[in-house]
Every structure is written in structure tokens, then in C-alpha cells.
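Residue numbers (my numbering), protein chains in the order written: chain C, 1 to 71; chain R, 1 to 221; chain X, 1 to 490.
Everything labelled a hint here was simulated from the structure, so no lab data went into it. Among the clues, some could well be false.
Stated by the list, open to error - Capping the alpha-carbon separation at 27 Å, the derived lysine-lysine pairs in DSSO-like fashion look like this:
id	chain 1	residue 1	chain 2	residue 2
1	X	Lys392	X	Lys101
2	X	Lys91	C	Lys48
3	R	Lys157	R	Lys171
4	X	Lys322	X	Lys391
5	X	Lys344	C	Lys48
6	R	Lys43	R	Lys171
7	X	Lys15	X	Lys344
8	C	Lys45	X	Lys252
9	X	Lys309	C	Lys48
10	R	Lys206	R	Lys43
11	C	Lys34	X	Lys309
12	R	Lys99	X	Lys344
13	X	Lys392	C	Lys48
14	X	Lys344	C	Lys45
15	R	Lys194	R	Lys157
16	X	Lys15	C	Lys45
17	C	Lys34	X	Lys252
18	C	Lys48	X	Lys470
19	R	Lys73	X	Lys385
20	X	Lys385	X	Lys322
21	X	Lys252	X	Lys309
22	C	Lys45	X	Lys322
Residue-level listing of the chains:
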Amino acid sequence: MDQEILLTIQGYAKFFIILFVFIVFYSYAYSIYKRQRTGERDYEKYSKLVLDDSLDSTPLEERDRLEKKKS
Amino acid sequence: MFHWLEQRPFFFAVALFLTVAFAGFVEIIPDFAKASQPTVGTKPYSVLELAGRQVYIKDSCNACHSQLVRPFKSETDRYGMYSLSGEYAYDRPFLWGSKRTGPDLMRVGNYRTTDWHENHMMAPSEVVPGSIMPAYPHQFTNEADIATAYANANTQKEVFGTPYDQADMPKLGSWDEANAQALDDAKAIAKDMKNQEVKDAVAGGKIPEVVALIAYLNSLK
Amino acid sequence: MQSNAQLEYDYSVVKAFTFATILFGIIGMLVGVIIAFQLAFPELSNLAGEYGTFGRLRPLHTNGVAFGFTLSGIFATWYYVGQRTLKMSLKESKLLMTVAKLHFGLYFLTILLAVVTLAMGFTSSKEYAELEWPLDVLVVVWWVLWGVAMFGMIGMRRERTIYVSTWYYMSSFLAVAMLYLFNNMEVPTFLWSGDAPSSLMHSISMYSGTNDALVQWWYGHNAVAFVFTTPIIGMIYYFLPKESGQNIFSYKLSVLAFWGLMFVYLWAGGHHLVYSTVPDWMQTMGSVMSVVLILPSWGSAINMLLTMKGEWQQLQTSPLIKFMILASTFYMLSTIEGPIQAIKSVNAIAHFTDWIPGHVHDGVLGWVGFMTIASLYHMAPRMFKREIYSKKLMDAQFWIQTVAIILYFTSMWIAGITQGMMWRAYDEYGSLLYSFIDTVTVLQPYYTIRAVGGLLYLIGFFMFAYNMYKTATVGRVLDREPANASPMAV
Ligand code: HEC
Ligand code: HEM
Chain C
1 MDQEILLTIQ GYAKFFIILF VFIVFYSYAY SIYKRQRTGE RDYEKYSKLV
51 LDDSLDSTPL EERDRLEKKK S
Chain R
1 MFHWLEQRPF FFAVALFLTV AFAGFVEIIP DFAKASQPTV GTKPYSVLEL
51 AGRQVYIKDS CNACHSQLVR PFKSETDRYG MYSLSGEYAY DRPFLWGSKR
101 TGPDLMRVGN YRTTDWHENH MMAPSEVVPG SIMPAYPHQF TNEADIATAY
151 ANANTQKEVF GTPYDQADMP KLGSWDEANA QALDDAKAIA KDMKNQEVKD
201 AVAGGKIPEV VALIAYLNSL K
Chain X
1 MQSNAQLEYD YSVVKAFTFA TILFGIIGML VGVIIAFQLA FPELSNLAGE
51 YGTFGRLRPL HTNGVAFGFT LSGIFATWYY VGQRTLKMSL KESKLLMTVA
101 KLHFGLYFLT ILLAVVTLAM GFTSSKEYAE LEWPLDVLVV VWWVLWGVAM
151 FGMIGMRRER TIYVSTWYYM SSFLAVAMLY LFNNMEVPTF LWSGDAPSSL
201 MHSISMYSGT NDALVQWWYG HNAVAFVFTT PIIGMIYYFL PKESGQNIFS
251 YKLSVLAFWG LMFVYLWAGG HHLVYSTVPD WMQTMGSVMS VVLILPSWGS
301 AINMLLTMKG EWQQLQTSPL IKFMILASTF YMLSTIEGPI QAIKSVNAIA
351 HFTDWIPGHV HDGVLGWVGF MTIASLYHMA PRMFKREIYS KKLMDAQFWI
401 QTVAIILYFT SMWIAGITQG MMWRAYDEYG SLLYSFIDTV TVLQPYYTIR
451 AVGGLLYLIG FFMFAYNMYK TATVGRVLDR EPANASPMAV
């Protein structure tokens, strides 16, 4: 393919991908803050994964809950 | 969506990989197509030059020297014409370097000669006072690896279609032919050198590294 | 019988990698100091024949510190952080334990072979990918083993949500796998040697010239991202909150910063479109958005600093916290410096000069080095079940190494800019003002300062090695694992 055409395609591809990523990223950011505020999901508790990490401490969220429906 | 991913390591990994890989392809593929066409007049290296190139790599001259003249006046004044993509078409690997502790060598063949290199490689600071380039006396005694250079050239020819053995292009032929040709080329270089041991070695059919290296440096134009 | 014994985390592989980190750290930095002195005093280049020349040693330094020191630090902390945040023990699976041990064994062997082959001059010449093809094959094998161990451990976890540190380790695993494979595509030449008795080790790149350079830089830029940046962020996300006993300032921010970084890094080499035919406004918008995306990548560093909110007095009481806070500060410094150097007009001056090694080293000495050292210090009381041998020594080490870093990067900044300006200086008649050698000799004092800085850093590293050794052998035995602040004897 012609070099010029390739470059143009690359340019447009890049622009729209960055735009897309940009939108996804900031809407994701907005959504987590919203979910935290409405209490749908508490993100901050995951810090406990570090502070309470001995092998015999109870997991924050048990794994088998994965199979059941989210309560 | 992301939260769902975060608890499913497999899909998480896939998403991550796609993010990382995709950008790479959009970034480099288009450049890829254009770059590999040789510029008119660019020729593959002779076997002796390739052996010298291998010496250059073995001693990592590229740790201190670039081979890339950028299109700035201050660079073209110092080193000559700026580099064109096609000039590198037969360079495997490329040797642009990343650090100019020493000057660019892309076109050093235009302004340095065999006997200058001979003295300089033996003792740089005697030729250029204040030079911090290491001396390379071992290159005057180590033998160049012509066999590997031949394998190198032949791989380029067989695998990548580098135009050896074509009209107006360097001849490669069989190993015996190539070896004989390399020795002839080495003799032509040694003629301009003063070091008696090097001259004797070449006369006796052995090619010291420095001879191959100089052949390579002379080819950089 | 097995089931009665209380289950514990297994630190045998962690210990092995910790040892490797220290060993390769010493080798790699020693070589670094040697080459730094060689630039100031070139006679030193010719003390060991061909094996001691600058060219041979430089790849030894870069590979030694990147693939020896940094990688083993990453592996050591992975097997530690991984087990603990997933709440699983390697002891629970014979298979994973074997894989992890094999990973260590092959890795260690590869690095030792790398030292030998590089010194002998077997190199592909591509930066950070110098190893010749037989070693590349080995690298691929143990990289895959690491992946098996990682995903195996994740598969066995008790904790449902995967902590953000593990995401970072995963991203390194995936990205480096891809980058390394593509950049090291090479053809061994002995296969086409005809009858020539050629070397078995030699190979040539699949790509030629400009293409080879494109792939190499794509690799080079991102290898830095996924070896020197992401796994180290993974480390700090675990070790800083743990050591200080603080909650992460904002876990949400850490999640965002992760994806932000993943998106940004790979798009960062944005200079390709400058000469193309796409409309100007689009190019401009492209760069503006890249800049906006940079914000989330700073998120991590700020998040770390703010984690210390309300607990800043720990900076005075714990040298370990000092290491980590300074590390994130240097992370901020080098991530702002990098983009500055990428600006076209700055790059025109900075490229090829000593500013680049200057930039590299405020990142690697301040950020990678300090974070690795701090992580190992934190792990020591837990894996050896002993108190850290000496706080005083650690404090002294901190100050010596901090001075070292400052000497290093200030001298290289000055050297780089001096050199860059001299190369392009013209006299009034329009001819170049300086011959090349003038631009070399002028740097001698800066090279000397840098070498002294490097020597100080190495001395600090020896103090670290000694402190760790003493901790493992004569530190006071602890009766139970410390929760947060690592115990240290005065
Ligand atoms: C420590 C870094 C260093 C290494 C390694 C090094 N050089 Fe140099 N080189 C220099 C410096 C500095 C100069 C400028 C002073 C001089 O001419 O000696 C230079 C100059 C040169 C020149 C003269 C260029 C000119 O335009 O005048 C050539 C040719 C050269 N080097 C070839 C080599 C070769 C071949 C090797 C590998 C075997 C090598 N160099 C390795 C630092 C280095
Ligand atoms: C003991 C301290 C150290 C000293 C004295 C030192 C010295 C050096 C020197 C002299 C160079 C060559 C620069 C040039 O070509 O002009 C270099 C390059 C490099 N070093 Fe170090 N180094 C040290 C520690 C480290 C550490 C700990 C790392 C990584 C974890 C590291 C990573 C690198 C890299 C990646 C390069 C290549 C830079 C480039 O290509 O621009 N160094 N170092």
C-alpha cells in the first residue's frame, strides 16, 4: 500500500483510539466515584488486603461467592 | 466492567494484553513498510567488511559511537549528509547507537584513512590528545572470524534475499571462494598499514581483527 | 500428618531471589562504577586486555543491573507479595513449588552465563537485548515458568479480589513476554554457513536497518516501562502501606492510575505522526490528550505520598519509610523529566548526550534501587524471623546513597547540556566552534563527580548487603511476625 495512505490511516486510527480510550477511562473514573458515593460498592476496603494478610486471617471476600449471584 | 475483570484473572490478562499489544501495532506497522527499501547505490557488505562489523559489535563500539546523522546543520557540517532510511537496508542488526561519547561514525570512511585508523586503534590518545577511547591492541593479534562472516552473509542471502551474487553486487560464492576473496581484500588493506606483524599475518593467510575492522570503517560513507 | 502442621507462607524461593538481588546488585553496580571511572580516567580501560574495555563492560553493567539486580528483586517480592495478598502458600502445591524453584535455578544460571558471554564479546548489540540466541531461549523458558507460577498461584487464591500490586506484576509478565519475543527474533547463522566453520553462537536480526531500530525502540522504551516502572509500583503499593500501617490514601485512585498507566505507556512514543498528512488539529489534539492521560500516571506517586498523611513523623523514626518516600519522589522527578526530553526541541539537544544516562539513573538509583532495597529490608524480619541488625547503619546508608544520587544526576545534567550546546555552537563566520575532542575533554570533571557518586552508591549497597547478612545470621530472634513497622536494633 502507498506509504502516504498508510500514514493517514495510522493517524486517524490513533486519534480515534486515543479519543475512545480517553472517554472509557474518564467514564470509568466517574463510575467508581459514583458507586462509592451511592454506597453501591466500597473500594477503600481493599487496602485491608495488605494490612491484614496473614495466611490464617479471614479473606475479605470468600472466593466461592463467585459462583453464587452477587447479593 | 472493570470490576468484573478484576476478579477474573484470565480475562483480566487478556484485556491487559490487548491494551498493551494494540498500541504497539498501530505505532510501528506503518513505518515498517516504508523503511526497508535500499537507497540507490547501497550495496551489501563484503565478507571482510562483515567480519569487521562483527568486531565492531563484539567490542561494542556502539556503546560510544552512533551511526545516525540527524538533519541539523550542526550535524551535517560535522559529519556529512544526513542519514537516509534506505542506507541501512542491509544492516542486521542496526547500529545507530544511543550515546555519542565519541563522534558519529556513519560517514567516517569519507574523512579517515587506513593508516589513520591503524594508529588510532592502537593508541587513540596518541593520535588525538585527550581522547578517552580505549586502546585496542588486542585487535592486532586476534584473528577475525571470516567463517562466521561468511555464514552471516549467506544467511542474509538465503533467508532475507540480500542481493549477493547479482549484477553489480558483491560476490559471495562458496565458502572457499569467499575466503579467498576476503584474504585478497585484506591484503589490499594491509598494504597501507605499517604494523609488521599485521602485514606478516596477512601474508601468511591470517586476517587480524583490525584489518577487517578497518575494511568496515572504510566502507562507512 | 501434613494437615496438622500449621500452614505458613513459604519463603524459600523469596530468600533465594533475595540473595540473587544482592549478588547481582554488587556485580552490576561494581561494573557501573568501573565504567564510570573509565570515562574519567581512560587508562583504566586497558587494564584487563580486551575484557576490560568500556565497550565490553557497558552491556555487562546494563544487563547486570536490569536483568540481574532489578529482575531478581521483582521476583523476590512477587513470591512474597503474591502469596500474602492472594492468601495462599506455595507449600500448598508441590507443582507450583517445583516450578518456582526451577524458575530460580534457570534464571540464576542464565544471568551467570550472561556475565560470561557478554564479557567474551557475544552480543547482539541491541540495547537490553544483547544476549545471544541460546541465552534468549533460556530466558523464554524461565519467563514462561514465572507465568505458570504466577497464574497458578492466582488460581489457588483464597481471596476473591486480586490486589492492585498483582495487577502490576501481571502487566510486566505479559508485556515483557511480548516485547522480548518480538525484539529478539533472530536467525542463527550457523544454519546457513555452507561449509564454513562458523560460530554456533552468532545470529542476525530478522529485521534490517530502520525496521530493526523501530522494533528495538518500541522494545527499549517499553522494557523500561515494564521492568523499571510497573513492577516497582506494584512493590510500593504493598510495602509502603504495610510498613507504615496506613491505609492507601485512595484505593480508587490506585485502580485508576493502573489503567491510566497501561493506556499511556504504550502510546507515549507519539513522535511518529509529525510528518504525516493527517490534519494539524488532529495531531495537536492527539498530543493534548496524551498529556491529559499523563495525569493518571502521576496518580500513583501522589497516592503514595498522601498515604503517609497524618503519619509524617514516621519519616523521622523509620529509615525504611524514608527510602520509600524518597523513591516515590524520584519516580515523580524522572517521569516529569522523561516527557520533557521527549519534546522535539529539547530532544535535539539532549539525545546522544550524558543527560540521558543522567535521567536513567535518577530513575534507577532513586526509584528502582531504593524501592528494591526497602522491600528487601521489610521482608527480612519476616522471612528470617529476626530483627533487622542495625538501624544506624540503615540510616547512614540512606544518606550516603542520597548524596550519591544527587552527585550523579546533577553532574550528568550539566555534562549533557554542555555537550549538547557545544556540538551545535557556531562562531561568527558560520563554522563549527568546537572540534569533537573539545567536547570530550570538557566533561572530565563531571565524569569524575559522577564516578565518585557511583562509588558512594556502591558503598551504600555494601552496607545494605552487610546489614542483611547480619540480620539473617545474628539478628535478635523474633517470637512472632511484626504486623507493621519492621523491628530494628539501634
Ligand atoms: C569509551 C568510549 C569509546 C569506545 C568504546 C570507542 N570509542 Fe571510538 N572514540 C571515542 C572518542 C571519545 C573519540 C574522539 C576522540 C578520538 O578521536 O580519539 C573516538 C573517536 C573514534 C574515531 C575517529 C572518528 C573521527 O571522526 O575522528 C573512530 C574511527 C573510532 N573512534 C572508532 C572506534 C571503534 C572502531 C571502536 C570499537 C572498537 C571504538 N571507537 C570504541 C570513544 C570511544
Ligand atoms: C553504582 C551505581 C551506578 C553507576 C556508577 C552507574 C554507571 C553507569 C555508566 C557509567 C553508564 C554508561 C553511561 C554512558 O554510556 O555514558 C551506565 C548506563 C546505564 N546504567 Fe548505570 N550505574 C549505576 C547503577 C545503575 C543501576 C542500579 C541501574 C538499574 C537498576 C543502572 C542502569 C543503567 C542503564 C539502563 C544504563 C544505560 C543508559 C543508556 O543507555 O542511556 N545503573 N551506568
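Hint by hint, here is what the structure shows:
1. Lys392(X) x Lys101(X): 35 Å, violated
2. Lys91(X) x Lys48(C): OK: lysine 91(X) and lysine 48(C) at ~24 Å, within 27 Å.
3. Lys157(R) x Lys171(R): 11 Å, holds
4. Lys322(X) x Lys391(X): 12 Å, holds
5. Lys344(X) x Lys48(C): 45 Å, violated
6. Lys43(R) x Lys171(R): Cα-Cα ~11 Å, so holds.
7. Lys15(X) x Lys344(X): 45 Å, violated
8. Lys45(C) x Lys252(X): 10 Å, holds
9. Lys309(X) x Lys48(C): Between lysine 309(X) and lysine 48(C) the Cα gap is close to 17 Å, so the pair holds against 27 Å.
10. Lys206(R) x Lys43(R): It holds: about 26 Å lies between the C-alpha atoms, which stays within 27 Å.
11. Lys34(C) x Lys309(X): With Cα atoms ~24 Å apart, lysine 34(C) and lysine 309(X) stay inside 27 Å; holds.
12. Lys99(R) x Lys344(X): Distance of about 17 Å is within 27 Å: holds.
13. Lys392(X) x Lys48(C): Outside the cut-off at roughly 31 Å; violated.
14. Lys344(X) x Lys45(C): 44 Å, violated
15. Lys194(R) x Lys157(R): At roughly 35 Å apart (the allowed maximum being 27 Å), lysine 157(R) and lysine 194(R) break the hint.
16. Lys15(X) x Lys45(C): Cα-Cα ~31 Å, so violated.
17. Lys34(C) x Lys252(X): At roughly 11 Å apart (the allowed maximum being 27 Å), lysine 252(X) and lysine 34(C) satisfy the hint.
18. Lys48(C) x Lys470(X): Violated, because 32 Å separates the two Cα atoms, which is more than 27 Å.
19. Lys73(R) x Lys385(X): Violated, at roughly 64 Å.
20. Lys385(X) x Lys322(X): 23 Å, holds
21. Lys252(X) x Lys309(X): 17 Å, holds
22. Lys45(C) x Lys322(X): 26 Å, holds
Checked against the numbered hints above, the structure breaks hints 1, 5, 7, 13, 14, 15, 16, 18 and 19 and satisfies the rest.
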